[in-house]
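Asks: Next come the chains, spelled out residue by residue.
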Amino acid sequence: MRVASKRPRSQSHYRRATPPLLSIAGWVTTLVFAAPFVYLAWETTRLGNFFDVLGRSDVTGPLLRSLALASATSALATFIGGWLAWLIVRTDLPGRRIFGVAVALPLVIPSYVAAASLRAAFGPGSLIGWVPRPSGFLGALLVLTAVTYPYVYLPVAARLRTMPASLEDAARSLGDTGMAVVRRVVIPQARTALVGGSLIVALYTMSDFGAVSLLRYDTMTRAIFASRLAAPETALALGLTLSLVALAVASVTRKTSQTPGTAPNAAHMRVYSVGKYRNWLIAAVLALVTLALVAPIGVFVVWWLRGGQGVVDSFAALRDPAVHSALAGLTAGGAAMILLLPAAYLVARRTSRTAAAVDLMVAATFALPGLVLALAVVYWVLRTPGPIAGLYQSFPLLIIAYLVHFGVQSHRSTTAAVQAIPPQYGEAARMLGSGPIRRFITVDVPLISPGVIAGGGLVMLSTMKELPATLLLAPLGFDTLATRVWGAAADGFLADTGIASLALVAISALLTWILVLRPAQLVAPLQSASRPAE
Amino acid sequence: MRRVVAFVAAAVLVASACGANDSSLVVYSGRSENLVGPIFESFTEETGIEVEVRYSPSEDLALLIQQEGDQSPADVFISQSPGAIGLLAGQGLLAELGDDTLGLVPTEYRSAGGLWVGLSGRIRVLVYNADLVSTADLPNSIFELTDSVYAARVALAPANGSFQDFVTGLRELHGDDSALDWLEGMERNQAATYANNSSIVQAVARGEIDMGLVNHYYNLRALAENPSLPSKNHFFDDAGSLVIITAAGILSTSQAREDATRLIEYLLDADAQEFFSTETFEYPLASGSTPAAALSSLASLESATYNFDDLSGGLARSRELIDASGLEAP
Chain A
13 MRVASKRPRS QSHYRRATPP LLSIAGWVTT LVFAAPFVYL AWETTRLGNF
63 FDVLGRSDVT GPLLRSLALA SATSALATFI GGWLAWLIVR TDLPGRRIFG
113 VAVALPLVIP SYVAAASLRA AFGPGSLIGW VPRPSGFLGA LLVLTAVTYP
163 YVYLPVAARL RTMPASLEDA ARSLGDTGMA VVRRVVIPQA RTALVGGSLI
213 VALYTMSDFG AVSLLRYDTM TRAIFASRLA APETALALGL TLSLVALAVA
263 SVTRKTSQTP GTAPNAAHMR VYSVGKYRNW LIAAVLALVT LALVAPIGVF
313 VVWWLRGGQG VVDSFAALRD PAVHSALAGL TAGGAAMILL LPAAYLVARR
363 TSRTAAAVDL MVAATFALPG LVLALAVVYW VLRTPGPIAG LYQSFPLLII
413 AYLVHFGVQS HRSTTAAVQA IPPQYGEAAR MLGSGPIRRF ITVDVPLISP
463 GVIAGGGLVM LSTMKELPAT LLLAPLGFDT LATRVWGAAA DGFLADTGIA
513 SLALVAISAL LTWILVLRPA QLVAPLQSAS RPAE
Chain B
163 MRRVVAFVAA AVLVASACGA NDSSLVVYSG RSENLVGPIF ESFTEETGIE
213 VEVRYSPSED LALLIQQEGD QSPADVFISQ SPGAIGLLAG QGLLAELGDD
263 TLGLVPTEYR SAGGLWVGLS GRIRVLVYNA DLVSTADLPN SIFELTDSVY
313 AARVALAPAN GSFQDFVTGL RELHGDDSAL DWLEGMERNQ AATYANNSSI
363 VQAVARGEID MGLVNHYYNL RALAENPSLP SKNHFFDDAG SLVIITAAGI
413 LSTSQAREDA TRLIEYLLDA DAQEFFSTET FEYPLASGST PAAALSSLAS
463 LESATYNFDD LSGGLARSRE LIDASGLEAP
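If you're matching them up, the sequences are chains A and B in order.
Just so we're aligned, residue 13 is where the first sequence starts under this note's numbering, counting upward by one.
Just so we're aligned, residue 163 is where the second sequence starts under this note's numbering, counting upward by one.
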């Protein structure tokens with residue numbers, strides 16, 4: 013078996029015309045995801061001259077700061093998330109089953125809550141006085157990395173899970189050891205997942221308002237937020253600028269692609285021994301978990317206890333919001349797994365214009381602040397005659413909004429999984445007379461499941477912490493744990509903020525374990541390690 | 163995959179089961195649930211009128227109502243700031259309130275056009291850390307804060323609605339030039355910009371910065387949860403201690419104006435006004451209501467004299483001045 017086979021597009025299988033249904037699904041997806049941009053472009057033009065508005069406001073500084081923070085956070089989160097995935101899926105690191113859940117969880121802490129709690133945890137006058145208080149660029153980098161590296165960790169872990177040992181064995185038989193195997197085999201095989209994750213982190217950072225404002229780092233979102241009511245033409249022009257930048261960032265990452273997979277075989281997945289680095293690695297993972305998870309949770313507990321409220325009463329009041337959060341997260345995650353499959357197939361297997369369009373549009377909506385996205389949804393839904401307008405502020409529409417906002421998280425992970433399907437499998441099944449649906453179910457589904465589930469899990473977790481769109485688009489009375497956290501934090505009810513945040517983390521942990529980590533088998537088996545890597 | 167499909171189906175069923183009730187009142191509330199929820203509950207108990215509430219930041223709700231236009235499902239809008247509700251009033255999105263309703267509030271705390279009434283007031287104050295600032299150092303006038311004594315010691319939240327409303331009040335009382343001078347003076351004096359009132363109070367309480375400009379009740383709430391904090395409120399003698407009102411109005415598209423009026427009158431009723439005073443530490447604005455003992459009298463403040471209609475109308479100009487001052491660039 014060759015270690016690096018030819019790229020998929022040179023093979024006859026992929027040169028067949030795109031099936032019409034797949035094409036249509038691709039265009040529908042593209043149109044839906046493009047809607048927020050059309051709204052932004054249209055409203056910007058209506059309210060004033062885009063370039064005049066940009067010329068009047070000091071846009072360069074905030075734009076450069078947004079870009080600097082996005083690239084730095086993306087790089088650091090990719091580094092941390094990538095190595096973590098390797099450690100937890102492919103090594104015999106002690107405690108990896110618990111770590112495997114713990115390191116995924118910071119994703120559910122809304123970034124503004126993470127920023128507020130870490131500022132309350134560290135710094136003179138805080139709980140831990142000798143650590144400098146997070147602030148400015150470095151503070152924003154730290155906090156945003158802590159809440160975004162799971163966007164890399166989960167898809168890469170899913171990819172490593174299905175990567176066959178045979179490639180690594182081949183490299184080793186050719187004399188490569190340890191790091192060389194990682195560099196020459198593992199990273200190229202996981203590239204789509206790595207790049208997809210890093211893109212998501214970059215876009216998330218660009219869209220974030222809560223953390224950067226609390227950490228006092230002045231980016232584009234601050235400018236949009238400050239002018240949103242007083243000078244809507246400025247806010248819209250800045251929003252449009254942000255989305256154009258997001259499109260550019262997304263198109264840069266489109267150039268990457270990975271070699272197609274070869275026969276995966278989980279039973280023979282190679283597990284490495286961490287050997288002499290064991291204690292250092294445990295310390296590093298513990299440090300990360302402390303910063304990203306234990307510190308915020310500790311602060312939530314302190315806030316809660318200081319408020320002196322009854323335990324039972326507090327949690328009873330959160331029952332409905334907890335059910336709503338879980339319902340919204342599960343539905344959005346599940347819907348993303350199914351509805352974005354066609355787009356993933358298009359992008360993974362075709363080079364058509366539809367494929368390029370859908371890939372870009374799906375990515376770029378994630379960089380929009382939630383408020384802008386929500387207003388775009390309102391704009392389109394209320395302007396569409398017939399039954400669509402009846403969906404306004406209904407649960408299905410809320411789910412669609414989540415899908416449009418977070419779709420890229422599922423899309424990139426699923427695309428990576430589809431790309432990794434060894435082409436020989438489909439060909440073999442075809443020769444044996446299987447129809448496309450049967451081939452999909454018997455060949456593709458088992459192979460792509462870990463990646464699809466990881467992607468759906470990301471959408472689920474993002475949905476559970478989403479705030480601005482939920483506030484404006486949820487059905488009346490549909491309060492979630494995230495809206496509870498906001499309602500309490502906005503007016504300085506720290507005890508309530510603490511309890512609701514704890515509930516959010518607890519429920520997310522449970523769902524992540526049951527629905528993502530366990531079925532996707534994203535932790536290494538307990539069997540003893542095969543030969544050490546070095 | 164089968165599990166997922168089953169789940170989505172179940173979720174859609176549940177969601178469609180909890181459809182909206184047509185006979186109820188829809189409120190868009192910029193006041194958070196902690197600050198107003200209990201009043202809605204007792205209103206429903208007493209009148210039998212269901213209240214469905216969307217809680218969000220006032221500015222976001224104002225944008226939503228603008229976007230919804232004549233299709234807005236909302237009957238009542240409750241705003242945390244005069245800026246947001248004034249904007250809607252200026253765009254003809256609010257209905258005129260009846261004289262009976264308007265009569266419940268002194269003229270200075272309601273819109274001249276009769277489009278909204280004030281519910282409660284917050285005072286702009288200087289919150290300071292008593293361990294770091296001696297009372298002798300506290301300024302009497304907001305204009306003293308541009309002195310070098312206060313260099314790099316004062317926190318502001320320029321992106322926040324309350325601060326923008328305060329700037330509008332400053333313009334109203336002292337003119338645009340003075341307001342811009344003051345903003346630029348604060349920028350030269352290295353005032354630190356923060357996200358919002360809450361984060362300033364927390365920063366002052368832990369000694370991260372000496373003092374900050376906020377609404378008065380954030381510190382009272384922080385002290386209620388943790389009485390050992392060294393943060394204290396200081397009132398200015400001038401425009402520094404403006405009253406920022408919270409207000410309510412009825413949307414011109416509302417089909418339930420009668421019920422909506424009852425709700426607004428209920429919010430101005432003695433019980434609700436006492437809730438604002440004792441539970442949320444605000445100034446009750448209905449005629450005849452008195453603030454809790456812990457709060458100083460409103461009449462002693464210069465702020466009670468300006469025109470809230472102008473305050474709300476001038477939001478865009480205030481934003482321009484804040485932008486021009488360079489206060490927000492780090």
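In short, the hints are calculated from the structure, not lab data.
Even glycine gets a Cβ: it sits at the ideal position worked out from N, Cα and C.
Mixed in with the good hints, there may be bad ones.
Claimed, not checked - Partial chain A-side listing against chain B, Cβ under 7 Å, derived:
hint, residue
1, Val314
2, Ala334
3, Arg395
4, Leu484
5, Asp503
Claimed, not checked - Which chain A residues stay away from chain B? Per the calculated CB distances, all over 10 Å, these:
hint, residue
6, Thr30
7, Trp142
8, Leu241
9, Thr265
10, Val301
11, Gly447
12, Leu483
13, Thr495
14, Phe505
Stated by the list, open to error - A few chain A residues that don't get close to chain B, going by computed Cβ distances all over 10 Å:
hint, residue
15, Ala29
16, Ile36
17, Gly67
18, Gly107
19, Arg131
20, Ser138
21, Pro200
22, Leu256
23, Pro354
24, Thr363
25, Arg365
26, Gly489
Asks: Hints broken by the structure, by number, lowest first?
Replies: 1, 2, 3, 8, 12, 13, 14, 19, 20 and 26
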